[in-house]
Every structure is written in structure tokens, then in C-alpha cells.
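These protein sequences, in sequence, are chains A and B. Everything in the first sequence is counted per the numbering used here, starting at 1 for the first residue and increasing by one. Everything in the second sequence is counted per the numbering used here, starting at 1001 for the first residue and increasing by one.
The set of hints was computed from the structure by calculation and includes no laboratory data.
In silico DSSO-like cross-links for lysine-lysine, where the CA-CA straight-line distance does not exceed 30 angstroms: (1) B:Lys1478 x B:Lys1452; (2) B:Lys1130 x B:Lys1344; (3) B:Lys1589 x A:Lys33; (4) A:Lys33 x A:Lys228; (5) B:Lys1341 x A:Lys33; (6) A:Lys33 x B:Lys1105; (7) A:Lys33 x B:Lys1344; (8) B:Lys1478 x B:Lys1248; (9) B:Lys1607 x B:Lys1589; (10) A:Lys223 x A:Lys64.
Far from chain B by the CB rule (all over 12 angstroms, computed), these chain A residues: (11) Lys64; (12) Gly140; (13) Gly178; (14) Ser184; (15) Glu265.
Beta carbons are placed, not taken as given, at the ideal position from N, Cα and C, and that holds for glycine.
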Amino acid sequence: MANILHIVVCAGIVPDPLQTLEPITGPTGPGLKNEMVLPAVLDPWAASALYEAAALAAKNPGSKLWLVSLGPKAKLQQVMMTVAQKVAFELVPIDGPIGGFPDAHSTAAVLADTIEAIPGLDCTKCLLFGGWESATRGAGVTLQLVGERLGITDQFQGVDQIDLRDDGSFEVLERVEGGKHQVSVCAGAPAVLGWATGNLAEPRNNPQVGMANMRTIMPALAKAKVAKLDPNGLSYISVSLPKQQRTTRVVKDMTPDQIAAELVEWIGAE
Amino acid sequence: MSAEATTTETPEIDRQTMEVDIACAGFGPATGGFLSTLTNAWTENPADPAFESRVAPGMPLQVLCYERADDISSGVSGVVTQGRAIRASFPNLDPAEIPMAVPVKSERVMYLLDPIGASRRSAVLRLADKLLRLAGPLVGVKDHAFTLPWTPAFLNKHGGLVLSIGQFNQWIGTHLMATGLVQIWPGSPVAGPLFSGNKVEGLRLADQGVDKSGAPTDGFMAGMDVKALLTVVGDGPVGAVGQAIDDKLGLPAGHAHREWALGMKFVIELPDDSNLANSPLQPGTVWHSFGYPEPEIFGFLYVHPERLVSVGIFVPSWMHDPSRTVYRYLQHYIQHPALWKYLKDGTLRSWGAKSLEESGRHGEPFLTGDGYARIGEGSGSTNMLTGSGVDEAWATGAQLGEAVIELLRAGKPFTQENLAATYEARRRASWVERGAQEAENARNGFQDGLVKGMIGMALAGLTGGKLSLHTHIPPAHKQIRPFAANSCDALKLKDAAKLAIADGRSFHDALLSVRGWPEIPFDGRLLVTQQDALLLGGKVQAMPGFADHVVFRNPELCIACGEKTCIAMCSGQALTQGENGQPAFEREKCIHCGACLWNCGQSPDGKHSNIEFRAGSGGLHSAEN
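Chain A extracted, bound-state conformation (with noise of 0.2 angstroms):
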């Protein structure tokens, strides 16, 4: 038997993370050079839950899918130009700051403050579902504050399946150390998933998805509410990006365990 969900997936946009990103220090804190100029994508582990929140929601006839997403506006309508051809859903922009930067609880309480004011979301029903990290920065607490501010106490990181079972419980699996799965069975939506990889491919783009989402999306994107962060006094003594570093040479004739030797000699060294 199918249960009728309500998936509400909180999705931010986040600079292409192979791009040339540069910390800077604005007028308003830290950001990155150019960060406006960068093409966006949606956040890979939040795009993951996306596609997994879709699939489930397709199994269970009558769901309804939400993407909450906060950005500017401009960017949040690029990047759904190439998310909206994949899988169906609502889009609830918030016309907010770029960056990775603002404080989690300021977001947290903005993203709150929106999915209690969605026409229609039955909190009960509610399961809802974001990235366990961010490819901006990783704070990864942000969906665990949302779902406290929406008195939702179920909650379940590093989540790779879900399976759901006709009384409405679900089985959940969680990423946990040495490459295993933590498997858990809650009784029942309203619940926190934040997801790690996922076990799906990336739909393939589908106009037609595409088109049906456009009579929403872009309404929406006219009607985005501004939202304002509030720092709460938080400040950041120093930002860096991950050092990178790239040697190419040409080699022939080397043989896989040599290869093998040399990259394990290279781990060790760093």
C-alpha cells in the first residue's frame, strides 16, 4: 500500500566546485572572489536527496515534493533551468544571500520559518530531506537545526536508503566508520534525512520535466520572499580553501604495482 508523503528537500546552491574559488574578505565577511560570476550548481549531496526524495515520492502516488532553496534569485533560476529537467517538484525559493559563509542557526531559522508556511505541507507527513554535507563549507548542521526548529526529532545523517514499508515506518541506512551502514528503523514520517550519496544515478534531463516544472517554477521564482541573515555576532578569524596540488608527468611503461607502490608512497609522504 502506498503512503501519501510530503518531501520537503532543502537544497542550496553552491559554486561549481572544480572552478578556480579564492577566499576573499568583503565588506560583509568572508566570501569568494567572483562568486556571483561562477556557474552554480545544486549542492551534490543535496541534489542526491533530490533525486532519492523523487523516487520515493513516484513509488507513492499523491506524494508532493517541495525544493526549498535559498540564493539570489538570478542565480537560483540558472541553476534550476538544468535541475528542473530531472525530476518533478515545487520549487520554494528564497531570495537570499550567495555564499557559504552566513550563520547555520540564521539559515536554519529562514528555511524553518518557510516550510512551516508552505500552502498545504502536513507537518505530520513531513519527511524532510537535505545534503549531510555541503560542498560550500562543512558545517553540516544546518538540516539538524531545521528539523529542531520544526519539532522534528527523528533525524538521520550520512543516509545512502531508505526503504519504506507499507505501515508508513521505514528502514534508513547511515553511513557509520569503516565503510558500513548503520541500519535503523523509524516508526514513521515526520523525519530528518540527510543524505550522503544516495544509491541513484543522476536523471538523465527530460524537457518534458522541464516544461511541467517551468509552470511553477518561474511564478514562484517572481513571488521569492528576500530573506536577510543575521549573523549573530558570528565572525570568521581566517579563511582558507584545502591546499591543491597538481604534478603531471608522463610515464610509460610502468607497470600497475609500481604504479600502486608510488601512490601509496605519496599518501605516506602527505
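Following the hints, complete the assembly by docking chain B onto the known chain A.
For chain B alone, coordinates are given in the frame of chain A:
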């Protein structure tokens, strides 16, 4: 009425279909101009009945645009443009709104001498170089460069803009989509047009869930047929839709796509030092150069705000040498003393390349047909005398936009006759056409070398095209000359082959070393390997599940080919020496520059080169280009 596709895909497959009013192939400046004209008019009066959809009555006009790249900001070009047409569309344009845009402040044209002695210069050029060196500072030779005392009027971009096309596209796209009238779908390659007889009835999107050869695999999803009352073809010089229309309907008598160039450039961040204020490289600075690293190679340097510089070269099809190792040549170019003194402490932020259709009016296709219109570079709009394409492309798009509005208001269908009377008539009466006429034969002399080329260009430029040189321009595949067989060159070829084998590098790269070009002193910051450049400031996107878009028509011809210029010119090293002598193609490295299409010296039919460049997904994903 049934539609047939001109693509290689299986026609029997059940496909989704969708009906729209206007479908556009490709999103660049031309399509930007077209869509901006439509949306500007609609925004002025959304109640205008002309903008009611014919295919979905009661709804606004259904206008969709499909773009291959994964993002609308993935355009590859740092340009200088007079921006007349762009400013006409946006009279209150503030360049500060567009990242990396700045008004042109100063221009310079330089002839670069060869400080190394490896350049393949003719005797005449060597003599000229010698005289210039002797005259030295008296005539202004400095850092092995002679700066022309003035910039010829036809090259002048005074009052124009230095732009990043990636940023410009993003800016335009955001404005367009915010109106709600148009949708621009990135990551959606168009396989080809839908024909019904000679009428174009829309576009077919590329199949997904297929293997390299296009055969269905798991998750197969047949590309959708998008039926449109008007198909706007703005997919550039190597676009699948434009190529298919040219193949089916041919080109006007005497026209052909014979002249090409590959533009490759770096985006370099200048060092943040206190001397920058005294540097000539202030935002808005534009330098053009010629003479180095080879006489056939033209170069440019444009300064953006925020200490960013676009610096690059154009390698033309009339460079008959098969070793068109463009990436390495670009590295030699930036190390020329006249440039290196400013760039040497910089950091490479991104990199990109694209093919330019340089035939101008000689390559103009039929601009209109039943159900379709051609705009932009693929429609032959680039002016090769002024070295300008973006402004012209935008203008052709805007002209089509005005024409479409006129037809919509008159309730007339998009027939060839109606499109010719509105769009083509506007174009013929415009400055785009006058410029094209002046430029039509301006580059004829270059087939016989730089000196004759410059004379021809000056002749046409200074007389408004009334005078020019005459020449015969062979097809692009015949412009690649076989390696010389004389003993000296043959010896170099052997040495290069030995070096390539010993070093594990490409033959053409090794040949440059044998010819006397110094090895590149890689520093991991500004001078990086070509493979590392692929990962700098972006990445190559290759969504899984699409077929290879570079296909060798007759592998036997590849095996027999001794030059393999396709490998030398490949911007991303996506083409490499494969087994049995046939080049191997790696889609994951292809930046979709299209250079392989015209850098193939073989032809199976005397008309096409042996490389077919089809619709593909992805490409270089760098917003700073």
C-alpha cells in the same frame, strides 16, 4: 504531415513530441539578440495579441531555446566589440552590471618580431624584421615589438566594450528568463532539424542513454521532437542544425565554408602589486598583434576589470603547415617579451577555445527557408575585416526578432517568402550587410602568406572594400599541405618521431621542439600542461549517456593520413594517436571547439572532411571565458 529527421538516430523509435511557437537552437549572442528583441517588445505590452501562442491558445507565445553546454555561462570567448547592436537593444546599458565588462579605453596594434628564431618566416619577412631591428628605437621597436603609430580605422573599437562572452551570456540569459516569456534549457544538445520536404518543422533533441556509437543502452531516452512554427538556427559555425540544413538544402551558388580559424585564449589574473597602477594594462586596454609565434598567427590581449586579462591567438586554416599545435603556440605567444613582462607573474585562471567561421559573406547560407531562419556566426555574419563577430551576430538576431514581431502582428506564417521580406530585407539594408560587403574579399591575400595578406587587407580596409586581391581559396581540407619530403624536413620529421616516442608526447609537439622552439618551462601556475589546463578554472563536462559527437567517416582515410592535423589542433587533447593509426576520441576531454571538423586533411566525398562533428552534450564549463 509527418516529419523526418536528418539525424543519424533511428526514426522508428517512439519519441515524445512537443509543440511550441518558436524553437531556438543554441544560445549565444545572436540568439540573445533575437530573444531580447522579443522580450523587450512583450514587456512593453504583455497584452499585445501578437504574443498569444498559436499552439497553446490563451497562453503567451511558447519560446524555447536549447543549448548544448551545461550552463548558459559556458560561452568561450573574451571579446572586444563595438557593441552598437547590443547598446541599441539596451540603450541604458551599464557595463558595470556585467561582470568582466568594461568600455574600451585604448587600442594598439603590434607587429611582433621573433625573439627565438624558430618562426617559419619567409625571406621577405626576415628582411623586414632585419630592417626593423636595425632601425630599433628610432621607429619604436621595443621588446621585440613594433607598435603601429595608429590603429587602422577598420580595426578601431573605440566606444566599444571588452566582454567575457560567458558572463555576457549569463547576464542576458538571466534577464530573458526573468521576463517569463522564454525558456533557455542548458545541457540539451539538438541532434538536428525536423524536415518535411524542404520545410523545417522544428528540432530533434539528442538521444540519451546510448553508447558511444549511439546504440540504446540502459535508461535509453529518445530525444524529443520539438515541433515549432519557427525554428531559429543560432547554433554557431559547427552546430548540428546548421550543418544539416546546409547538407540538405545546399549553399547559395559560389558560397562555401572554406575559411576558418581556431581562437584559443587564457584568462590570466595579473599580480596584485603596487606597480599595476603604472602598467599600461589598465581595464579597457585592447592590443592586437601579428607576426608571432608564426607569421600566420594573430594575437590579442584584452584587459578586464579586477586585474583579469584575456590573451590569446587565432590559428587560421590558411596556415598550411600541418603542425597547428595551437596550445603550445599560445604558450610561446604569452612568453613574447612584449607581453611576458606584464604577464609573467600572473596566474592562469581559465582557458578556452572555439572555431571561428571566417568565410564571411562567402560562407553565408540561405538565411531563410520555410519554417526557419539563420542568425549569427553560422549565418556568415562575422566581419573578417574588422575582426568583429559578436556585434554582428547580435544585430542579426535583433533583426530577426523585429521581423518575427512584424509577422506575428500581421498574422502571417513563417514562410520563406515572409521571412525574406522581413528579416532578410532588414539585414540587407543594415550596417551588417554593408560591412560584410566591404570585408568580402579583404582576406584573400592570406592564402599566399602574411605579406600579401596584409596588403590585401589594407587595400580593402582603406577603400571600403572597393579594391581587393583576387585568389582561389581551396576547401579547408585541401589547405593542409602534406609534410614536405625534402631531405632536411624529412630529417626533422624523423627526429620528431624519435622524440615523440622517447618522450611520450605528441608528434606535432615534438616537431615544434625539433624546429627550434624551446621547451615550455612549466611552472604549475601560468605555464601548465594542456591536460592541467583542462582542469583549471572549470572543467570539461561530458554527461554520461550520450553518443560520441566526433565520428570518423572513413577510418581507412585516417589510417592513411600522414599529417593528422586533427590531433595537433585538438584543443583538449581529446584526439590522440590511437591504435592502427586511427585517431582515438575521448568525449570526456572534448571542449566542443569544432576544430577537428576543418583540421582534417582527408575527404571521403570531396565536399566534407573525414571528421563528422555531431551534436554533443557538455563541453568546457568555465564562466570566466
